[in-house]
Amino acid sequence: EGPLPPRKQAQPNWYDTLDRHQSVQLSAKGLRNAPGENNCFLNSAVQVFWHLDVFRRSYRRLTGHLCMGNSCIFCALKVIFTQYQYSDQASLPPDALRKALAETFMNKQRFQLGHMDDAAECFENILRRIHFHIANAYHEDSCSAPHCLPHQKFAMTVFDQLVCICGASSDPLTFHELVHYISTTSLLTHCRSMQETGDTLHPDRFGLLLRNAGTAGDIRDCPGNCGKRVQIRRTLLNTPDVVSIGLVWDS
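If you want our numbering, it's the position in the sequence shown, counting the first as 1, plus 23.
Since the hints were made in silico from the structure, they are not lab data. Check before you lean on any hint, since a few could be wrong.
[As the list claims (entries may be wrong)] Here are the simulated DSSO-like pairs of lysine-lysine, each with C-alpha atoms no more than 30 Å apart in a straight line:
(1) 52 <-> 251
(2) 101 <-> 122
(3) 122 <-> 52
(4) 176 <-> 122
(5) 176 <-> 251
(6) 176 <-> 131
(7) 101 <-> 52
(8) 101 <-> 131
[To be verified] Taking CB as the label site, the calculated pair distances span:
(9) 104 <-> 272: 27 to 35 Å
(10) 138 <-> 74: 21 to 29 Å
(11) 180 <-> 160: 18 to 26 Å
Beta carbons: idealized from backbone N, C-alpha and C, even for Gly.
I would like the entire structure built from these sequences, with the hints used as guidance.
Below, the structure is given as structure tokens:
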């Protein structure tokens, strides 16, 4: 038999080629945070979005949206991504997005100019606003729009249920999350507990650690009224491309 023909290499599409050729240049850029601006929480969120390939590539292809002018978070994030891609500056100003966030959330007094805020909540609210800009015809809590980047890539479908040893169980409560928040204190407590019982802290066990820490202390009465107290069970029903964990620090 003769030699096998060479395998045909899949041709990368334009955004794969762009990312590969510019990766060194893009990695040298940062976001400005001058004294008193307190942009650190926003810059953290933007950097996460930029370095998530599945988000950056999909967002690059989105165009049509409900524009809100100076308070349009969709447009402002596009501006920063364009600067990341083409600007020669090593330090980029996040001003457009900072101002759009401040205007959008002025009534709630969140993410205001010059004020500190929470990076995970900023990340989540940017996702929610992108949903508003591109898929506002769909309810945020049950969005199934195929073009809705936040829900197609980030949405976690979770259900809570009580299951007692007496056999009684509650009806499952299903809900959706874009960010799953969890207490760092609870994480550390359960991490130490796993170590004490000889459970190896391997990446495969991280999901178990999150589940145990996330439901710790959430104990309720048996749904069958047998008198026992039951810890709630929380289950992730889908496999989103991105699972976002927000760490909650004790104040």
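The hints, checked one at a time:
For the hint pairing residue 52 with residue 251, the CA-to-CA distance comes to about 57 Å; that exceeds 30 Å, so the pair is violated. Straight-line distance between C-alpha atoms of residue 101 and residue 122 comes to about 14 Å, which keeps the hinted pair within the 30 Å bound. A C-alpha spacing of about 21 Å is found between residue 122 and residue 52, which places the hinted pair at or below 30 Å, so the restraint holds. The hinted pair formed by residue 176 and residue 122 meets the criterion: a straight-line CA distance of about 26 Å does not exceed 30 Å.
Restraint check: the Cα-Cα separation between residue 176 and residue 251 comes to about 39 Å, which exceeds 30 Å; the hinted pair is violated. The hinted pair formed by residue 176 and residue 131 meets the criterion: a straight-line CA distance of about 27 Å does not exceed 30 Å. Restraint check: the Cα-Cα separation between residue 101 and residue 52 comes to about 16 Å, which is no more than 30 Å; the hinted pair holds. At most 30 Å may separate the alpha-carbon atoms for a hinted pair to count; residue 101 and residue 131 meet this at roughly 24 Å.
For residue 104 and residue 272, the hinted distance range of 27 to 35 Å is satisfied, since their beta carbons lie about 29 Å from each other. The given range of 21 to 29 Å is respected by residue 138 and residue 74, whose C-beta atoms sit roughly 25 Å from each other. Checking the proposed 18 to 26 Å range against residue 180 and residue 160 shows it holds: the Cβ atoms sit about 20 Å from each other.
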